[in-house]
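Participant: Take a look at the letters that make up each chain.
Number of protein chains: 2
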Amino acid sequence: MTPYVYDFDEPSEGGRALLGGKGVGLAEMTHLGVPVPAGFTITTDACRAFMRAGGLPDGLEEEVAAHIARLEERTGKRFGDPDDPLLVSVRSGAAVSMPGMMDTILNVGLNDEAVRGLARSTGNEEFARDCYRRLIQMFGETVDGISHDRFAPDDTVERAREVYVAETGREFPQDAREQLRRAIVAVFESWNSPRAQVYRHTYEIPDDMGTAVNVVQMVFGNKGDTSATGVAFTRDPSTGEQGLYGEYLVNAQGEDVVAGIRTPQPMEEMRARLPDAYAQLLETMARLEQHYRDVQDIEFTVEEGKLFLLQTRSAKRTAAAALKAAVDMTGEGLITREDAVARIDPSQLDQLLHPMLDPDAEFEVAARGLNASPGAASGKIVLDADTAAERGKAGEAVILVRWETTPDDIHGLIQSRGVLTAHGGMTSHAAVVARGMGKPCVAGCEGLHIDLETKTVHIGEHELHEGDAITLDGGTGRVIVGEVALVPPSINEDFETILGWADGLRRLQVWANADNAEDAAKAREFGAQGIGLCRTEHMFFGDDRLPVVQEMILASDEAGRREALERLLPFQQSDFEGIFEAMAGLPVVIRLLDPPLHEFLPPLEDARDERMRSRIKALTEANPMLGTRGCRLGIQWPEIYEMQVRAIARAMKAVNRGAQVEIMHPLVGFAEELRRLRELTETVMREEAPELEFLCGTMIELPRAALCADEIAEHADFFSFGTNDLTQTTLGMSRDDAEGKFLTFYLEDGVIERNPFETLDQDGVGAIMRIAVERGRSTKESIQLGICGEHGGDPKSVEFCHGLGLDYVSCSPYRVPVARLAAAQAVLRAGGRAEYVVAGG
Amino acid sequence: MTPYVYDFDEPSEGGRALLGGKGVGLAEMTHLGVPVPAGFTITTDACRAFMRAGGLPDGLEEEVAAHIARLEERTGKRFGDPDDPLLVSVRSGAAVSMPGMMDTILNVGLNDEAVRGLARSTGNEEFARDCYRRLIQMFGETVDGISHDRFAPDDTVERAREVYVAETGREFPQDAREQLRRAIVAVFESWNSPRAQVYRHTYEIPDDMGTAVNVVQMVFGNKGDTSATGVAFTRDPSTGEQGLYGEYLVNAQGEDVVAGIRTPQPMEEMRARLPDAYAQLLETMARLEQHYRDVQDIEFTVEEGKLFLLQTRSAKRTAAAALKAAVDMTGEGLITREDAVARIDPSQLDQLLHPMLDPDAEFEVAARGLNASPGAASGKIVLDADTAAERGKAGEAVILVRWETTPDDIHGLIQSRGVLTAHGGMTSHAAVVARGMGKPCVAGCEGLHIDLETKTVHIGEHELHEGDAITLDGGTGRVIVGEVALVPPSINEDFETILGWADGLRRLQVWANADNAEDAAKAREFGAQGIGLCRTEHMFFGDDRLPVVQEMILASDEAGRREALERLLPFQQSDFEGIFEAMAGLPVVIRLLDPPLHEFLPPLEDARDERMRSRIKALTEANPMLGTRGCRLGIQWPEIYEMQVRAIARAMKAVNRGAQVEIMHPLVGFAEELRRLRELTETVMREEAPELEFLCGTMIELPRAALCADEIAEHADFFSFGTNDLTQTTLGMSRDDAEGKFLTFYLEDGVIERNPFETLDQDGVGAIMRIAVERGRSTKESIQLGICGEHGGDPKSVEFCHGLGLDYVSCSPYRVPVARLAAAQAVLRAGGRAEYVVAGG
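Protein chains in written order, with the numbering used here: chain A, 188 to 1028; chain B, 188 to 1028.
Some hints here could point you the wrong way.
[Said to hold, decoys possible] Using 35 Å as the maximum straight-line C-alpha spacing, the simulated DSBU-like pairs for lysine-lysine come out as follows: (1) B:K928 - B:K804; (2) B:K840 - A:K804; (3) A:K804 - B:K580.
It is worth saying that the hints were derived from the structure and are not from the lab.
Please work from the sequences and hints to get the whole structure.
Facilitator: The following block contains the structure:
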């Protein structure tokens, strides 16, 4: 039978999936000769067996006992020995890093007698009592579910034990083996805690992966002034700058750093205070980075001057740091360009494109904290995670303001624009999570005081209340009262370098959705190779246009409509000219009028006369999404599309650098619709500009269009998948009516895994896209295929489109870099040259 | 080269498609030795060549000239001869009978000189001048497009010619060959007249079929008192009774009978007046029926005592007549049972199931006319076809009231509930069309007077206005002022006989959609073998229930909802008991709650308090069709479905004869939805009635469900295609917003051929159903498959479902007979044992 337990120095072939990230790291470090405490790993297999059986699997306890015996042999101490006890930590470690989500218990093996033995053997009673107090508290919280609030860091052992007895009705367990067994069970059980489930859900980590458990001999950073504990990175996780970066605390255990209860010291101070340990740490970390060929995030402890590494893992980092590190490491010859491209999380790039404070804005800084996660955001103060989650979901911009955050706050963090904490450092929970999510965080802000009872907040001199607006600048740690104007950030050289490498790898073109010249210019700046969706209806709004559009809609006959359309034509023409100029000859896909006409009329109560009132009534629809819109407008009132085509033709003639135009008819369901509209398009183009070339095609946004793509392709030069509407029709789900309502319930309750409006529903919408591609190509092998729904900027969806063999994806300008990178990674993964990038790492 | 022209006695292999119905009939009658005037047929090939070329095809005129020469030879008269001219009729004749839709011109060959020759040679100047007057009028109307109103039946030749000159600016053509050529062109052109297009569209006749042209030597029913013309049937086309049935007019030409200008005499009078011709007609018609093995509709002329048959065709008949004739002819050994089943038009059966006047209703008959088409209807008087079409489309019940109808009125007839005319007989346009459409017609109502100017109508003593209600009883010819209660008709023995034969042939089961015990009983009466859709939401309405439902919706928590549901349970249980009793152990598919909850709340302005108002607002949806409904309700608020399942279980236990229940979850899109709901269903059933068996399945009404049918089938015992919603989602078309709006435009403008909500869209919705069937069966070979959308009662859709291999179709109780017959015909057609039945004939 395959063993459930492996010593760190025992060879195993299971790797990360079996031993978890922490276990693999400890085993590898042991193998590399890095100073690591002795210990062993209980595999994820054991966890899965536990989940199936609802209890520890047969044989596991015996295996654990055997490995404890080995540990006793090696350390010369005995587990449960009242005189000089072997103490261990019990730590979870899943294959994917889930910081703060799983539970750790230190000092397992202490009891009322052994604490005295420990005091004797170390000659340090305070230390021994501190260890026991920590064990009782951690064990009580983690194993017995006692609320964190019941304990305090300055409790005595006696006080902690009283709380334990009061809360559980039992004495604290004195048997070391019972402590160990219950700790292992608690780690396994914590895999299915609500907060772990939310985290997995957010980062799309499979529920059946399970966690490993590491049982490690204790080393003590809390043995006095020559002891310390810390967290360090091989490069700065915020900027990617080379060189040791981190924080440590003297006379502390690891949890003190992570929990943000004491504000830690920068590493520079350790160099002075513990020079030997520091030098050894520096050398060891360089070795680890070289070995793993990636930025490492290390936990270490110095016990009476002696260094131990407790963990190493790939460091979570900001997008900017990820880019810089990848570019630098490529320059250092550590990794290839493909590696560099493969290891950037495309969805994280987004944070580089987040707004920053407008440099011209005037504001007063109310307080400062740590610049824990870059970017800027404004929003209303909210003081608890539940409210933040609720209001954020409802679309409000909120900033979560807390003393410190815990994993229980994860749902509130997800829905906030940013987070501000009074306690904790750069590696505190709030900071780590915010960086992973690419949202601003200011941590450890001493000028912040919160009164939960009165819902009042003091920031520096200001007294504010829940609901008042503040602005965070996570890049500098500034906190500002009120809203501040934001500007989009500029893109740095590393960004351009990586995207340049990505462009060399990808097959998919990346186009952008842009409705005007400014967006088109922005799109090109971000590297768009064309415009995949130019919505013309936006040109129907505007003070000078809307009244004319309304006249057109209210006209009683075709002549009246034509007269109004005649006046709209110059507006459209000049809009098109601007876009064509901006795109300088790159392809531009123009979608003719799509929304139902009632969108251009005021609400019924604002109608200015009886005629308008009756027209509004006549145009009111039960389900406007499925009503008279898209090409149904152009079929019934061809004069509208005629005007639009005419404006396109005239704009094409007017611009200097030429325009490569693709005219797109929306919402086609029947081949006959497109046949007619193509005829209309060609007739008008012939009249206006017989010499100009253009393409004519359709969106595929109805299931019927996909199913009949072979017939429709006879009249189409291109298909563009309108996956927003295709998702709505294929799933029978109106986005407006689903999000925040049953769809949110479905996501939270696990009925479905991902929001199909964000990440393409591959089994449903993807399946019907595949049908459309096959049938369309069966008629016209060379038909151009693209996607212009919002999914075009979602990395997973981009990869699907690559696999489907589309020619391009089109997304919002700000998503273009994301799509460029995702398209390159799709090539690498399809060729087995890369794995999925773990979110935020 | 294949000839374009065939003499009636010339053999041709083209048959009906080439020669048209009339041409084939004339050739076959000639072959059988039936007295038929000499002549020839210009083929539909020539018509198609004409339509392609936009003019007469090369060689056609020469062929016509050669056949005219042969006709001259045979008759001893010369075409254009001023002394004793050969006269011909030019008549259209398509492969499918299109009564009154195409144009006929009589007496071609007459001119100013020849009319005098004809007068001399017949010794009958009045007759000769009557013939010439008719030619000028018909030619003027048909070839030159002069309005019918410009001529009057009592015009003189001179007056007719004056009108012709005034309207066309030209003299009436004197060259017989020019007359013939232009007449042929006019027939070809009339194929594409708007009224012909509307007719073809209504009866789904292909546009490229084309018409043949028959050129026939004139025989004259207007040569005095021993001449006559008439229309006769071998059996009564209203009842199917055996024996000659028809009408004739002495001293008249055929158009006089059909146009309804003179009210014709019954055939009985002809027996007395023209006994020899009558006897010969009787014998000839018997021979023709024997030959064609079907009821024949014959046009005949008696010229100075000598009988000629001008046409024979299968008679259009009422559904009752079709059934009786088919049963009788099977009894007579003329046809087989399969023939009998094959030749009933299933959609026509519907008319047997139309409402009749309530026998207990008290009313006064205002006037009487001919009982021209059976059934009864009430509606508002409308005096012109355009208004009738408009109001009918808008959903108003209208009765078209006219002096007489013409083919130009066809769009108004289609949209009326019934038609009342002052003139015309059983074979008048109004009567023939109404019978074909299965709607009531009272024709030749002498008590009817119409004043179009004042929009006033006199019916007997009553003065009415447009918009006033009347009731027609087409079965008896009674006209009643106001509305009269109607009852559904009972089913006769012939009906049962044919359906019994159909049941012996079909493979598909026919189930019905029924929501209560009454409908269930009705469904069984019509032969339903189960209930395919029992909608439970109807049980949520009703004065005693709705307030409780509203309480449930307004409840602030689950406990409140459960409390209200508890009170609803007995209502649902007793409803289910009633249905189970009615179905006596046949399968009943119960669909759990489907509509969005706001349907149970009043409109916002009627909310009784703030709480209700805010709940209504919260439940308001942009696209309710795609919102929180179907199983999305059951997933979010499982207590609702729990109550429903509990009510089903208790009802199953309560009934004596057992209940075969299938619990259906609506709007499933994800396998996980059905997995959860199946678990819920099984849990409740186990609690309530562990001993009872039931099936659990889902509707397939979302494209995603079809695409993921393999996964969904893992949790489903059955699929039922909800093709109403599946059509809405696949086509992206809200029925409410499409019909009467763009969909009506699409149908009229020929963008699509059929209303996809009436006849299944096989290319789109059918294609996705096929995917669902294949994928569902790939997981569960034995999965039960049915359809419960309205298409389940549409013959074409039933045939598609047969081809798809479904187990049953389910439709409204009144459509069950239609579906039973259609299912049998599907078997016959799939085996090549039957062709499509031509609509109405």
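Participant: For the pair we were handed, K928 (chain B) and K804 (chain B), check the Cα-Cα distance against 35 Å.
Facilitator: Within the cut-off at roughly 28 Å; holds.
Participant: Take the C-alpha atoms of K804 (chain A) and K580 (chain B), compute the straight-line distance between them, and say whether it is at most 35 Å.
Facilitator: Holds, at roughly 18 Å.
Participant: Would you check the hint for K840 (chain B) and K804 (chain A), treating anything up to 35 Å between C-alpha atoms as holding?
Facilitator: Distance ~51 Å between K840 (chain B) and K804 (chain A) Cα, so the pair is violated.
Violated hint: 2 only; the structure is consistent with all others.
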